[in-house]
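Q: Full structure from sequences and hints, please.
In the order they appear, the protein sequences are chains P and S. Just add 73 to the spot in the first sequence (first one is 1) and you have the numbering used here. Just add 406 to the spot in the second sequence (first one is 1) and you have the numbering used here.
In short, the hints are calculated from the structure, not lab data. Each residue gets a CB set at the ideal place from its N, CA and C atoms; glycine is no exception. Do not take every clue at face value.
Derived CB-CB ranges, DEER-like [as the list claims (entries may be wrong)]:
no. : chain 1 : residue 1 : chain 2 : residue 2 : range
1   : S       : 417       : P       : 210       : 46 to 56 Å
2   : S       : 468       : P       : 163       : 27 to 37 Å
3   : P       : 137       : S       : 593       : 18 to 28 Å
4   : P       : 181       : S       : 436       : 39 to 49 Å
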Amino acid sequence: MVYVACIGLVCLSAFIGKLITKSFVQRDKFYKEMILFCEYLKNNIGFRQTKLSNLFDDYMAQYPKSSNSFNYLKEVCLNGEARASKEQSPLYFLKQEEKQAIINFFKSLGKGNSDVELSLINNFKTLIDTKSKDAESFRKTNESLTYKLSLAIGVVICILIV
Amino acid sequence: MLRELLPPVIFTAFASLDEKKIYEVRLRRNSPIVINYGGKNKVLTFSGTNEKVYSSTSIIEYVIKQATESSLYAFHSQIKQGFITAKGGIRLGIAGESVMSDNFVPTTIKNINSIDIRLPHEVVGCANIAYKFINNANGIKNTLIVSPPGAGKTTFLRDIARLLSSGEEIYNTLLVDERYEIASCVDGLPLLDIGEHTDVVSGANKMFAFTNGIRALKPDIIITDELISEEDGDAVIRAIRSGVKVIASIHANTHLELKDKKEFKELINGGYFERIIVLSGKNGPGTYEGIYDQNFKCIYF
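A: Below you can see the structure in the form of structure tokens.
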């Protein structure tokens, strides 16, 4: 019985470790998607002057796995943060100040001519490039370590119990 | 169409009105909203009351946001000319402070204080009478539609395009829709019936659209909206000289006023237009006042 509980405990600690590291992976992945989206914005706003609603829809059709975050950001962009917040924000893996910077950018889109929009996107991309490097570096350093630590804690607790 | 453009609280005032009879909605900051309903101007009131509906800065900002679909950059070239064409072909004329560059070229309009929302109305068959004079046994005639503003020129041109492009004989028709008013294209797709064999070039000036359209699309007929400048007149002359038939419109009260338009001296005096159709709003938009030949002789009244 004790051994069954220990196995369960180790599995639980592994699961907790995975949950914690998931947010590292999602943050890294999100910033890489943001870089891609910025390039997409630059091409479509600067050259074709595609309307924002069409732009989001076309992007999500091309990259359906991004839909969750981008559905929320589309709402923020077109209808404002207040309306978008009615649904649970899928950006839980970001730090609060990071999330606010992203939201502020999407709220600012669509309010100027194409030169202004491109300038805004370029400034945002500079920020995102830095954040992306930071997120990737953090994930590489901490993903494996955190998972192993979590597992180790589970094993130690088992040993103490036994 | 109006439902998407106006704030819900304002739109409720339209509940008892027939949208087909609404031609215009005028919003002026801090003034009562005025509508043109069935050809007559009246102040909008909340349904069942005499309480006037007032416009405000926030309402005007809301309408602009809705009309531009939160994408001001996509409408910037229209805004600096003083208009926006929204979904469904709704035309918004805007008034505010013009921002000019150092060489006095308008760059944008800020602090918009009024909007004139004009709703498009398709009147299928309104050009049937004129069509017999435009397209007869001798072929298509170069035609000029003459009328004052609001007398139905655009609706008329649209119906002519439909008739010419849908008959038994196939005419390749090029519609040069500089202000997105005739075909009401949204994302490139015409929302109104302009015939099956019509190509649409939206948003380009006439000289560019005519020149490139003739080279690339080989039209039999070009239909275009208001001729405003001498350059527009030159574009028409070039097209006619290259063998393409042209049907266009111009602002004037009568055909006699055409001779006073110095910018179109060569176009009018050169006899390029074989038919001149005069419309007015006397008995509603699209009232025929007369059809004339190139010598200004009346052939229908």
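Q: Of the numbered hints stated earlier in the document, which are not met by this structure?
A: Failing hint: just 4.
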